[in-house]
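Colleague: These protein sequence lines are chains A and X, in that order. For the first sequence, counting from 1, position 246 maps to 246 in the working numbering; every step adds exactly one. For the second sequence, counting from 1, position 30 maps to 30 in the working numbering; every step adds exactly one.
The set of hints was computed from the structure by calculation and includes no laboratory data. Careful, some of the hints might be misleading.
[What the hints assert, rightly or not] Below, in silico cross-link-like pairs of lysine-lysine (DSS-like), each with a Cα-Cα straight-line distance of 30 Å or less: (1) X:K52 with A:K37; (2) X:K52 with A:K284; (3) A:K192 with X:K79; (4) A:K150 with X:K15; (5) X:K52 with A:K87; (6) A:K7 with A:K279; (7) X:K4 with A:K37; (8) X:K45 with A:K87; (9) A:K254 with X:K116; (10) A:K109 with X:K4; (11) A:K191 with X:K52; (12) A:K184 with A:K172; (13) X:K51 with A:K279; (14) X:K4 with X:K32; (15) X:K79 with A:K275; (16) X:K15 with A:K64; (17) X:K123 with A:K137.
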Amino acid sequence: MGYVAIKGGNIAINESINRLKFERLKGEEIIEINRIKAGMRGMIDQVMSEGSLYSEDLAAIAIKQAEGSLEEAVFLIRAYRSTLPRKHYTRIIDSCEMFTERRISASFKDIPGGQILGASYDYTHRLIDFDLLDETKEDCLEWLESFKSKNSIQWSDTNLRQLPKVSDYLRKEGLIKSCGNNDKEPIDITKKNMEFPTERSERLQILTRGQTGAVTSLGYAALRAYGALHPTVGELRIGSLPLYMQNPLNTADKDEDNYYIGDIRITEVETFIPKTIDKKQGKKEIDFEIGYGICYGQNETKAIAMSILDQCLETGDINYPTHDEEFVLLHIDSVESTGFISHLKLPHYVTFQSKLDSFRKTHKGERYDEDKL
Amino acid sequence: MNRKRRTEILINGSKDLSRTLAAQIEGKYDVKIVEEPNNGLVMIKMREGSKKSLFYLGEVLVTEAKVQIEGQLGIGIVKGIDLDLAYWLAVVDAAYNADLEEIESWEKILEEEEIKINNEVVKLQSKVLMTKVNFETMNE
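Pulled out of the complex, with its shape left as it was, chain X reads as follows (with noise of 0.2 Å):
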């Protein structure tokens, strides 16, 4: 599984999938920290919609840790303040980096979280579009 949808799955899913994960690289590999979890700015790049031109909306704070293990780095940044959940994504993802055995068994787990994240975002947008205005039912 990419890299994009990784995070997505493991950032919008519960954090127990997150800990788990890790929990079974720690017990395993000998995981080096790099980089403590610590907090951080990432500034946003955003583009307008009148001339499509660039400008920075502002900085959100993140943490981020970096890990090693095999020989592999791997990087965990989340928004806001979480100090544990950077530092499991950082584990899962140098597991990934190294091409470590256990990930095979994970596509199965990300993909079922995947679907739960999904089924709440269906929940969500039924709830929102009970405010759309129906224009029709209003001329009748």
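Chain A on its own, in the form it takes in the complex (with noise of 0.2 Å):
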């Protein structure tokens, strides 16, 4: 079956593209684009991490050009990225070196460093504060100076820069495997396409730049009956990472020669899930194993989703879906998904006459008759 080309529609395009552009301004008024990025972190952080580009201005702009639709901002971002040069790679980052502003654990109540509730939504009621609909600038400029001013308690013993990782934390006890660093490079999955079975690395990508339904979804379906786990928040920590760059101009591995270029902030979750092994004479051992979760900005669902795949993806247990990379990994991304779906409503003309054609032969002579249906 091939494709037909066909003519027309250009005057009724624009004319949408027009009526888009009307639907975006009809209520006579501008979000500017600080205020976006002021208002919405929440979407912003979504926008960056299913667009898998760090930017708070271009998800702002995105936003606004979307009027709030995540899936056409996440389009335009990944569309944007592709008309741009990748310049550098950064030095290895490692989270340890997170200046943290929220740290909890639900496995231990005392951690090393301590549990710092941050910035959340957990502890509130969930009830919408109708204040809001009269709070002016002067409201919240009064607000941030009282909150400013208010005195801090002073913890000497605790750096958000130096805090232990819970996991570290155990495998040095003895709770869980230690294991040394994995220096094999990673395959990059935007250069290189995905072929089965993936490499650890290929599958970290997919999950953290999945689109946040999706990997919450699948992270729900294999926790409740899809996956056989019940795995425990072993540290879930939010806060602003220091990037490096090697000079480019000498490969000399110098640490002090590095270029910083700024921070990112993003969400990190490690899931302590327990595996019963089987031993000798009959006997078993309950030992415990790491799912990694992380994503741009602060979006903690998805990062503990995500690390709820991770797992099952290591697993690979043919019994269950969510343990399938295939079909994992195919279906997570924003893009891909959302453009499939949205081919349906392209012209199909030709291949629906034919399907069509095939019909009235197969039921040359017969006619639905609506009352006996």
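From the two separate chains plus the hints, produce the assembled complex.
Modeller: Next comes the structure, spelled out in structure tokens:
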């Protein structure tokens, strides 16, 4: 079956684009980019994460252009990203270098460095605040002034830039198997087509840029019934990670010669997943494995769900679809999934006519009688 | 002052500082623009905490510029869209690479800016630590 080019519709298309602009502007209000950046943090984080491009500015412009449609904004980000040259790679970034602003553990009450709640919706009542209807800039500035002037508690024993990882602490204690650094060069899924079975680096890259809803749903499915897992959040941390780049003019690997290019804010999760291991003479032992999740910005649900799926794909139990890397990895990308679904709107006149022809041939002489239906 | 520390101060500090330092050089030396400030991507290579393996987290938008002063190349690169800052960073970098006499007086200025940045970090840390849970208090 070939495709047949068709002409016409240009005027209608142009008017459709005008109508789209009308829909964006008909309220006679303009949302400035700075306001989107200041007040739509969750949206910006999600667009950057699913777009796989860290830039609050670009995410804000995309959100404005897409009128808040996240799938459209992510599409715009990915399209723009494809026009830019990749100039450099960072030095290897380790989350131990994070300036942590939130850090909790569901596994241990007392973790080295303590539990830091940071900014989270978790402790709110989830009741709509109707006072926001009348919130003014003066209210905002007054509140900020009051917040900043409040006395702070001094915790001289806590350095937010040097909080130890809970998993490293458990490794030292011998509760989790130790492992050294694996420096194998990662595969970049933006440079190489995916082939199955995948490598861990490919899986993590696809999961971290996966659509939040898709990653969350599949993570939930694995947790509820399709994975036989019961993970516990060992550590969830949110904070800023400094990015450094090697001096391209000097290949000598000197730390002090690196260029600092800025910080990015991320969410990182390590979940502990108990695993029963069969030993000799029918004995069984419990061991713990770690699921890893990470994403740009603050998106805790996605990062936790990613850590569940990471462990599922490492295990690869054929009984569950959530352990099937083809099922998971090929269906969680925002642009791929929304793009393929959207293509159904494109003209399929010839293919559908062909189906109708087949229908007529196979049902020759028959007519659907609506009364019988 | 080494490049890592210097770029941390210039990017996390006031942009006025980069502008001022670059202006000192521009007024005295011939600054040849090798690469106009432009946008590009830097891919983030990350080590994960489960198996300690490497993967690519995603890209970050950067602005980069290159200049040449006294035959020495300087690079300015910063996260986000900031054409001016990338250019000023490149001028300062080239000044250090060319070992110009001005850099001697910059050390103190940069150290002072670093103190200001660190003070802000201490303030932020104190504020964040207000949300640290004191379980002992809860048990009393």
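Colleague: With reference to the structure, classify each hint as holding or not holding.
Modeller: Each hint, compared with the structure:
1. A threshold of 30 Å between alpha carbons decides the hint, and for K52 (chain X) with K37 (chain A) the separation of about 34 Å lies outside it, so the pair is violated.
2. For the hint linking K52 (chain X) to K284 (chain A), the alpha-carbon distance of about 27 Å falls within 30 Å, and the restraint holds.
3. The hinted pair formed by K192 (chain A) and K79 (chain X) meets the criterion: a straight-line CA distance of about 26 Å does not exceed 30 Å.
4. Restraint check for K150 (chain A) and K15 (chain X): the C-alpha separation of about 28 Å stays at or below 30 Å, so the hint holds.
5. For the given pair, K52 (chain X) sits about 26 Å from K87 (chain A) by alpha-carbon distance, which is consistent with the 30 Å threshold.
6. This hinted pair does not check out: K7 (chain A) and K279 (chain A) have alpha carbons roughly 70 Å apart, beyond 30 Å.
7. Note on K4 (chain X) and K37 (chain A): the hinted pairing holds, with a Cα-Cα distance of about 29 Å set against a maximum of 30 Å.
8. A threshold of 30 Å between alpha carbons decides the hint, and for K45 (chain X) with K87 (chain A) the separation of about 14 Å falls inside it, so the pair holds.
9. Proximity of K254 (chain A) to K116 (chain X) is assessed by CA-CA distance (about 27 Å); at most 30 Å being required, the pair is judged to hold.
10. With a C-alpha separation of about 37 Å, the suggested pair K109 (chain A) and K4 (chain X) falls outside the 30 Å cut-off, and the hint is violated.
11. Under the criterion of a C-alpha separation no larger than 30 Å, the hint pairing K191 (chain A) with K52 (chain X) is consistent with the structure, at around 23 Å.
12. Among the hinted pairs, K184 (chain A) with K172 (chain A) is consistent with the structure: their alpha-carbon atoms are about 24 Å apart, no more than 30 Å.
13. Straight-line distance between C-alpha atoms of K51 (chain X) and K279 (chain A) comes to about 23 Å, which keeps the hinted pair within the 30 Å bound.
14. Restraint check: the Cα-Cα separation between K4 (chain X) and K32 (chain X) comes to about 24 Å, which is no more than 30 Å; the hinted pair holds.
15. A distance of roughly 42 Å separates the Cα atoms of K79 (chain X) and K275 (chain A); the hinted pair therefore is violated under the 30 Å criterion.
16. Restraint check: the Cα-Cα separation between K15 (chain X) and K64 (chain A) comes to about 28 Å, which is no more than 30 Å; the hinted pair holds.
17. As the CA atoms of K123 (chain X) and K137 (chain A) are separated by approximately 24 Å, the hinted pair is consistent with the 30 Å bound.
The structure does not agree with the numbered hints 1, 6, 10, 15 stated previously, though it agrees with the rest.
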